[in-house]
Amino acid sequence: MGPVFAAGVKEAGVVARGAGRPVIAFSTDTSAAAHGVYLLSFLVENYVERIISFAAQRDKKSIAALIPDNSYGAIALAQFQQSAANHGLRVMTIERYKPGSASES
207 MGPVFAAGVK
217 EAGVVARGAG
227 RPVIAFSTDT
237 SAAAHGVYLL
247 SFLVENYVER
257 IISFAAQRDK
267 KSIAALIPDN
277 SYGAIALAQF
287 QQSAANHGLR
297 VMTIERYKPG
307 SASES
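Mapping to my numbering: the sequence shown position 41 is 247, numbers consecutive.
To be clear, the hints were calculated from the coordinates, so they are not data collected in a lab. These figures come from a predicted structure and were not determined experimentally. Hints are not guaranteed to be accurate.
[As the list claims (entries may be wrong)] List of simulated lysine to any residue pairs, SDA-like, C-alpha gap at most 20 Å:
#, residue 1, residue 2
1, LYS216, ILE300
2, LYS216, TYR278
3, LYS267, LEU246
4, LYS266, GLY294
5, LYS216, SER277
6, LYS267, MET298
7, LYS304, GLY294
8, LYS267, TYR303
9, LYS267, TYR244
10, LYS304, ILE273
11, LYS216, LEU249
12, LYS267, PHE248
13, LYS216, ILE230
14, LYS216, THR236
15, LYS304, SER268
16, LYS216, LEU246
17, LYS267, GLY294
18, LYS304, LEU283
19, LYS267, LYS216
20, LYS266, ILE230
21, LYS216, PHE248
22, LYS267, TYR278
23, LYS267, ALA290
24, LYS304, ALA213
25, LYS304, LYS267
All chains should be built: construct the whole structure from the sequences, respecting the hints.
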């Protein structure tokens with residue numbers, strides 16, 4: 207059991223695979239999962255879909271997103287756009303921010 211961030215999960219997976227051991231990781235980045243590397247976490251795709259679905263059920267027509275400019279944000283953005291399209295919502299704007307730079311955010 208171990209890594210949280212995707213890069214660490216991928217590196218640990220390579221080492222563990224060489225030793226014939228599985229890895230249980232806590233990353234929310236589905237690209238980190240592989241043969242013998244399992245994720246025990248809540249996935250951002252599910253969160254985003256639930257949020258968009260909630261908005262659509264409340265008869266919202268337009269939405270916007272504030273998304274971190276990193277790999278987590280890229281996954282969230284892809285799901286945001288897909289879910290918005292699936293629910294017929296108009297995306298008004300998408301803004302990105304650099305994590306750790308709260309003053310600009």
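Going down the list of hints, with the structure as the test:
Of the pairs offered as hints, the one joining LYS216 and ILE300 is violated, with about 29 Å between alpha carbons and a cut-off of 20 Å exceeded. Of the supplied pair hints, the one linking LYS216 and TYR278 holds, its CA atoms being roughly 15 Å apart against a limit of 20 Å. Simply put, LYS267 and LEU246 have alpha-carbon atoms about 34 Å apart, too far for the 20 Å limit, and the pair is violated. Distance check on the hinted pair: LYS266 and GLY294 sit about 10 Å apart at the alpha-carbon level, within 20 Å; holds.
Between LYS216 and SER277 the alpha-carbon distance is near 14 Å, which keeps this suggested pair within the 20 Å criterion. Between LYS267 and MET298 the CA atoms are separated by roughly 10 Å; this keeps the pair inside 20 Å, and the hint holds. Under the criterion of a C-alpha separation no larger than 20 Å, the hint pairing LYS304 with GLY294 is inconsistent with the structure, at around 29 Å. For a cut-off of 20 Å, the pair hint linking LYS267 to TYR303 is broken: about 24 Å separates their Cα positions.
A C-alpha spacing of about 37 Å is found between LYS267 and TYR244, which places the hinted pair above 20 Å, so the restraint is violated. Restraint check: the Cα-Cα separation between LYS304 and ILE273 comes to about 9 Å, which is no more than 20 Å; the hinted pair holds. Between LYS216 and LEU249 the alpha-carbon distance is near 17 Å, which keeps this suggested pair within the 20 Å criterion. Restraint check: the Cα-Cα separation between LYS267 and PHE248 comes to about 27 Å, which exceeds 20 Å; the hinted pair is violated.
Restraint check for LYS216 and ILE230: satisfied, since their Cα atoms lie roughly 11 Å apart, inside the 20 Å limit. Of the supplied pair hints, the one linking LYS216 and THR236 holds, its CA atoms being roughly 11 Å apart against a limit of 20 Å. For the hint linking LYS304 to SER268, the alpha-carbon distance of about 24 Å lies beyond 20 Å, and the restraint is violated. Our distance criterion of 20 Å between C-alpha atoms is met by LYS216 and LEU246, whose separation comes to about 14 Å.
Annotation: proposed proximity of LYS267 to GLY294 holds, straight-line Cα distance about 8 Å (limit 20 Å). Our distance criterion of 20 Å between C-alpha atoms is met by LYS304 and LEU283, whose separation comes to about 14 Å. Taken as a hint, the LYS267 and LYS216 pair is broken in the structure, with Cα atoms around 39 Å apart against an allowance of 20 Å. Note on LYS266 and ILE230: the hinted pairing is violated, with a Cα-Cα distance of about 39 Å set against a maximum of 20 Å.
A distance of roughly 18 Å separates the Cα atoms of LYS216 and PHE248; the hinted pair therefore holds under the 20 Å criterion. Pair hint LYS267 plus TYR278 does not hold up; C-alpha atoms about 26 Å apart against a cutoff of 20 Å. Straight-line distance between C-alpha atoms of LYS267 and ALA290 comes to about 10 Å, which keeps the hinted pair within the 20 Å bound. Of the supplied pair hints, the one linking LYS304 and ALA213 holds, its CA atoms being roughly 18 Å apart against a limit of 20 Å.
This hinted pair does not check out: LYS304 and LYS267 have alpha carbons roughly 28 Å apart, beyond 20 Å.
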